[in-house]
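Participant: Chain residues, written in single-letter form:
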Amino acid sequence: MQIDLIQEARRQAEICNACRYCEGYCSVFPSLHDKRAFSDGDITQLANLCHNCRGCYYACQYTAPHEFDLNLPAALAEVRQDSWEEFAYPSAIAGQFQKNGMAIVIAATVCFALLFALARWLGQGDGEGFYAVMSHGLMVAIFAPAFLFPLFSIAISLRRYWVATDGRKVRLKHVSEAFGAAANMRNLSGGHGDGCNFEDEDRFTQARRFAHQFVLYGFALCFASTSSGTILHYVFDMHAPYGFWSLPKLLGVPGGIAMTFGAVWLAHLKLKADPNLGAKTARSGEFGFIALLGFVGFSGLALFALGQTALMPTILVLHLGAVLGFFLLMPYTKMAHGFYRLAALVRDAQRRTP
Amino acid sequence: MTKSYDIAVIGGGNAALCAAITAVEAGAKVLILEAAPKAYRGGNSRHTRNFRCMHTGPLGPLVESYSEEEYFADLMKVTDGKTHEGLARLAIRTSEECLPWMEEHGVRFQPSLSGTLSLGRTNAFFLGGGKGLVNAYYRTAEKLGVDVMYDAQVTHLEVEEDKVVSVEYEHGDKSHRITPKAVVVASGGFQADTDWLARAWGPAAKNFLIRGTPYNRGVVLADLLDQGIEQVGDPTQCHAVAIDGRAPKFDGGIVTRLDCVPFSVVVNQNAERFYDEGEDVWPKRYAIWGRLVAAQPDQVGYVVIDAKSLNLFMPSVFPPIKADTLEELAEKMGLPADKLRKTVDAFNESCGDTSAFHPTELDGVSTSGLTPPKTNWARPITEAPFYGYSLRTGVTFTYLGLKVNETAQCSIGNKPVSNLWAAGETMAGSILGQGYLAGFGMTIGTVFGRIAGKEAANYAN
Chain C
0 MQIDLIQEAR RQAEICNACR YCEGYCSVFP SLHDKRAFSD GDITQLANLC
50 HNCRGCYYAC QYTAPHEFDL NLPAALAEVR QDSWEEFAYP SAIAGQFQKN
100 GMAIVIAATV CFALLFALAR WLGQGDGEGF YAVMSHGLMV AIFAPAFLFP
150 LFSIAISLRR YWVATDGRKV RLKHVSEAFG AAANMRNLSG GHGDGCNFED
200 EDRFTQARRF AHQFVLYGFA LCFASTSSGT ILHYVFDMHA PYGFWSLPKL
250 LGVPGGIAMT FGAVWLAHLK LKADPNLGAK TARSGEFGFI ALLGFVGFSG
300 LALFALGQTA LMPTILVLHL GAVLGFFLLM PYTKMAHGFY RLAALVRDAQ
350 RRTP
Chain H
0 MTKSYDIAVI GGGNAALCAA ITAVEAGAKV LILEAAPKAY RGGNSRHTRN
50 FRCMHTGPLG PLVESYSEEE YFADLMKVTD GKTHEGLARL AIRTSEECLP
100 WMEEHGVRFQ PSLSGTLSLG RTNAFFLGGG KGLVNAYYRT AEKLGVDVMY
150 DAQVTHLEVE EDKVVSVEYE HGDKSHRITP KAVVVASGGF QADTDWLARA
200 WGPAAKNFLI RGTPYNRGVV LADLLDQGIE QVGDPTQCHA VAIDGRAPKF
250 DGGIVTRLDC VPFSVVVNQN AERFYDEGED VWPKRYAIWG RLVAAQPDQV
300 GYVVIDAKSL NLFMPSVFPP IKADTLEELA EKMGLPADKL RKTVDAFNES
350 CGDTSAFHPT ELDGVSTSGL TPPKTNWARP ITEAPFYGYS LRTGVTFTYL
400 GLKVNETAQC SIGNKPVSNL WAAGETMAGS ILGQGYLAGF GMTIGTVFGR
450 IAGKEAANYA N
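Residue numbers (numbering that gives the first Met the number 0), protein chains in the order written: chain C, 0 to 353; chain H, 0 to 460.
These are computed hints drawn from the structure, not numbers from a lab.
Just so it is clear, the structure is predicted and the values come from calculations on it, not from any experiment.
Hints may be right or wrong, so weigh each one.
Computed footprint of chain C on chain H, listed as stretches where at least three residues anywhere in the stretch have a Cβ under 8 Å from a Cβ of chain C [what the hints assert, rightly or not]:
id	segment
1	44 to 58
2	304 to 316
3	406 to 418
In this text, a Cβ means the ideal position worked out from N, Cα and C, and glycines have one as well.
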């Protein structure tokens, strides 16, 4: 953990604690006002609890040019970013992807190439539809480990987070509170329900909150779509391709649309927002991640639309390459934020209801 | 500047914005001339946190009720009766309708902040504090068509007979002159002009810190008083509190307050005590400590507490100076060590039974045979580590201002100035003669800002 980042966040948190005007914006301030002194773990928890809604920045009477030079959203973003790199397993590769959009693009391209090669040389399946391009067995052989390893890695990271933030035994109530807060992005509501500050200085809008939820719920639907396909395949022996009125398509098509739309919207908002209120070093990595997410959604939709054409094998490999890259990079890109954020929300629920 | 305006509002804080919004909604063309750059807009309003509001039942974030009589009685207590009853009651009565108006114009409230539970019934807290309120009002005003000019310092209002005929201001290294039909002055007091403060207070004022904006220099106030506009309030009076001596010269705001005096001994630079630290609970006494410290050599005081009291008060912006012995603490704070030791020893010896100690109530735990005594919370300073803070006088606002009537109109030679109104801190002396009640400044600004905006628009239309 970089001591100077923690120290700067601590300096700012101590000023906030003497003011308290922002108490109603989000979960960070009640948690902050609960303490008099802030350990490194406390700062890490506050950093991961912060959703970067920026309400506190625009309301702050102590931002530059004031000599106190407060910019809590940025200070916490830097600590948050650093904590993800610190807790990542294996930690050596985390820095690359968190901070570097180009690295994400390269990794995704390598995944495309790998799948192209496999499909070309090994994958010629004798199944129909997608499995004619790549056999079902090969897909499973690639994607099962590519899915399980990131989960394993993230489990280790969360364990590290929990130790660092002095977490206690988790109860169902804590988890349900955390999921409740994530389900409606309560921490981007501004406390008053008007939304957050982001794309237009101190104006409160729901744009970022809604765009994020398009991606979140779109992703959830896509994930459910894939899961339902897996169940149909193994449990009911019903194999792809599935018709439009099947569960995988009914979940996947709206999911893909929501994810693509949400990703484009998020990127658009991010371009308008002030980069000085986030972790500047991570900006390229964040855009890379949004692009990858959007591409996963978009290529999935393209596959649905053009699945019956000669373009299908190319799109399939691009889509699967993007999905592969997405999963493999999950612990080392912005995607990790979802897991840490949930952990922070669970930890905060513990603070409120021991 | 080719565009012509019906109304020029001078100032950019709460009162100015309330006036501008009210006037533009009444159909007037309004220009706000704010002396500060955009980053520092909003005057002292950006440091405020709540609005004291009368209410007959639960209202917005406010619980129970707060009657006109109770509100007025609270005000009389802190001003020692030096209050203009008619205008005060007008402000109090109108405050109730202001709160929904504020919400309609973008202000958002939050429950009483942690550490301020005692105000949950009487004061509505702005979500994000005063700058949040100011931001919301600027958004609303601009949406309604108010033009806002930052870095626009008004230098002169030309008064002829009973009328303001022109407004001169500096903007971008140039002087400009406009001729609005009506003018609302809402540009605060003069506390940021330390020369003026020193003329009124004596040279000691040079050592005072200014808790709020550096832009309240009283330029317009002085200009109007020079031309014979009627004044109100004692020029030698300012509202001052004791704040952390390490606070910046200007704009330190809320975080520089120190709430530890009741649990401490306070000495001057000669390490001598000079007043009863435990006279009353801190919210009732922090104002007199501004004056007490101002009367000490070099206008500085030193608070000493020990380990057992460290967590009894709200944290402040700077960590305390910490030492394992009193002598070391004295050295770190630049006090004579042997003298501080003597003073603390004498204090400790005069402490008696401390079993009734209660940090939030007058507990009667007092010294005996000590001059000056400490009449509550008197516990010996014995437990290392020891902590110290320096104290300086922090000026919040000045009382000298423009005299207005119940329509917020200014006057000259006993008759009204036909097109000049004033609102906020610059006329608060018309209501408050001394003392201060938390959140009442924003009440005055909101109530009289709206009145001034309405009257000015009526006149201009």
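Participant: Which constraints among the numbered hints does this structure fail? Numbers only, ascending.
Facilitator: Failing hint: just 3.
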